[in-house]
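The numbering used here runs 1279 ahead of the 1-based position in the sequence shown.
Among the hints, erroneous ones may be present.
[To be verified] The list that follows gives simulated cross-link-like pairs (lysine-lysine, DSS-like), each with its CA atoms no further than 25 Å apart: (1) Lys1727 x Lys1707; (2) Lys2011 x Lys2078; (3) Lys2035 x Lys2103; (4) Lys1843 x Lys1871; (5) Lys2078 x Lys1796.
These aren't lab readings, by the way, just hints derived from the structure by calculation.
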Amino acid sequence: MQNQSNLFQDTETTQFADVIVPVAVPNLYTYRLMREQVGKVEVGARIIVQFGNSKIVTAVVVSVHTNPPKNYQAKYILEILDETPYFKPFHLDLFRWISDYYMCNIGDVLNVALPSGLKVSSLSKVQVNPDFDNPELLTEKEKSLLEEIEKNQSLTYDELARLAEIKNPYHLIKTLISKKAILVYEEVKDKYSPKLVKKIRFTAFYEDIENLKALIGILEKGKKIAQLTIILKYLSFVPVLKNRDTNEKGLDKSIFNHDDEMSDSGLNTLIKNGIFEVFNIKVSRFGDIDIVENNFPQLSDLQTIAYDSILNQFKEIDTILLHGITGSGKTEVYIKLIQQVLESGSQVLYLLPEIALTTQILQRLRIVFGDKVGIYHSKFTDNERVEVWQGIAEGRISFVVGVRSSIFLPFDNLGLIIVDEEHEGSYKQFDPAPRYHARDVALVLAKKHSAKVLLGSATPSLDSFYNAKVGKYGFVELVSRFGNTELPDIDLLDMKLAKKQLQLKGEYTEELLAQIKENLAQKQQTLLFQNRRGFSPYLICEDCAWPAMCYQCDVSLTYHYKDKQLRCHYCGHHEEIPKTCPACGSEKVRTKGFGTEKVEDDMSLIFPSAKIARMDLDTTRSKTAFQTLINEVESGEVDMLVGTQMVSKGLDFENVSLVCIFDADRMIHYPDFRSGEKAFQLLTQVAGRAGRRSKKGKVLIQTNNPNNELLLKIKNNDYIGMYEKEIAEREKFNYPPFSRLIHLTLKHQDQNLCEKAALELAKCLETQLGKARILGPEKPVVDRIRDRFLYEILIKLEKGVNLKAIKEYIRLQMTNIYISKSYKNIQVIVDVDYIG
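My request is simple: use the sequences and hints to build the entire structure.
What follows is the structure, encoded as structure tokens:
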């Protein structure tokens, strides 16, 4: 019988799976299925595999077949993580498209697509899930292992295997994950803990009315005033005497902590004596949700016309550009569209360019849509992102507000994608690969779902406006502010003239300071925009002109006053401020220029009674920083908000009536073919924060050239004039939208070697593509970062060329550079649809 069994098994067909491994390799990798796994491995499912000699990774299955790999012996799949795949075939098609289009490895795409909490790897750790409360689901071995994890706080997989005394712990890990007993994370900082609120309530004995009345009598008789006061306050919030069931939910313990009349010792005595008990409840990180019935916005006549036009055009075209000036009420139109799509049973993705925006908009959306809304961005830990991911996969969340990585969420029935502030460069991923543009990927994603896309902006990108002009996109306008609020007046303050007339105080004109003073007197808020963080961008010796430079980047160090440090904003290097010049020994080491930190410091000296806050990368690193800042501004606690471009992105503050803009000339004259477009967008968006309610706003722009053509167009809110001038320039010199750009950056520690490789690569490209299409190689503005020298090549391809063939040729030439012994360790970075 044994021989017959072996004979039968030998005739079975061996199965293999092609998978995406989250490693920077170009090809799929093939693994062998164990006999018991046959029929259980599905396309789109996550599996655990060994890659290389010892690396354990989570891969995703692309296909199952019977063809063994030709060039290597297939390893076995260690574990199947998903019985029901997270990814559908169209998700995998999207991964392939991103990999091909943006010229990156498909493993790079998977790395971005999956949060670490869904990637089991040899680098992973596990912790006990704080929410787990079903020990009866566990086997004795699982209980024992859980106790060890809890005792150690967290364990690596190797440590788990050793404790469990098994070679392969992955099946055990999988079952503990499926039972929601443990959570997976990559870094200690990503450990998940729920947000808990401490509450108190009467113990069961005192829920009884007679027992409670007797207690009150005893306290009165014993003159225990402090304890009696606490009990009476509790009863004023929780009417236990009328309905004992109200006691179950209890009362926030913090209510007693903030009351000066309440004694901590009195409450502690009541708890110690078993009258009150303390318990924790898990609460939403987004705050309580009070859905207001029929709270959908009432559209104005102009908004209704825009809404109807969008619906009508969606019958014929899949993508529409909504050009609505700042404060025109685009969000209300979005909400109405979202409502309609959700009611039809489809899903909605609402993309925003910055985390700062999600905070304010989410509050508005959750009042209307409640728990249907999920939020997805990088300030959340991986396990928090997993909650949103699983909520979508399980159908609990049908509407997500998120930043660019949200396009990878496992939607299976998208009806609408809204790309708000579609012009924003934040939608483009720069490092690491894939260097995708979320707006453009959203268009491809929508096609795979047969969904509609609405692009919204007060200052659309030239590419999108051009596509609307030529009929590729639909087009809808909102030309008036909501509630007939007027656009702010914009004044250009002449810095040269002010300096000549001795009307400058430091970096500020007297007129600007007088306007701020008047605004403060009227109890209105002021926004101060300087698109540079830190105190000063330069530290220089006045005697010998020595500049403070980063030792590994070709860039000046920025002075940060509060931290008493010089910092490099490219590599993160920081050092102490020299007391004397390191070159000549002079004590005349001075700061030049100014950033947000200096503006904040200057204003606190000029207006000492004003409450000033700052919103930039340095002040918003924590998860709750945006929310705290926004709450302070909205509640009127802040008189002046100083910020970088973060403050330009759609924030809506009722009492901001004055906006002051510094350093406008630097933005306009930056060496980039898009500088005019970007400056117009940024300055118009910042100006649009002023006067968004009843009071007309005012904007002051300090400039050395008040007659600058672009500034005059900003002053007159002349988007069309800017567009027509810029588009004519683009067409003349064959820049997007009339061409496509592929940008190559070569990096190496040896400058000569880097330059030589760049020259050779450019020459090879010219041979096939023609000299007119290749610009460079050139040194970039900052030509050394992290001790690597940089050279750039720009490839301009007119529309209609065989893009796929050209990309293959570029890949081939890059490979030739990589394999050449002369150019060892050269790195070539590809950026398709380069935006500068």
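Hints, one by one, checked against the model:
1. In summary, the hint linking Lys1727 to Lys1707 is supported, as the alpha carbons are separated by about 21 Å, within the 25 Å threshold.
2. Taking the CA atoms of Lys2011 and Lys2078, the gap is near 14 Å; set against the 25 Å cutoff, the hint holds.
3. Restraint check for Lys2035 and Lys2103: the C-alpha separation of about 12 Å stays at or below 25 Å, so the hint holds.
4. Restraint check for Lys1843 and Lys1871: satisfied, since their Cα atoms lie roughly 16 Å apart, inside the 25 Å limit.
5. A hinted pair counts as satisfied when its Cα atoms are at most 25 Å apart, and Lys2078 with Lys1796 does not qualify at roughly 54 Å.
The structure fails hint 5 only (numbered hints given earlier).
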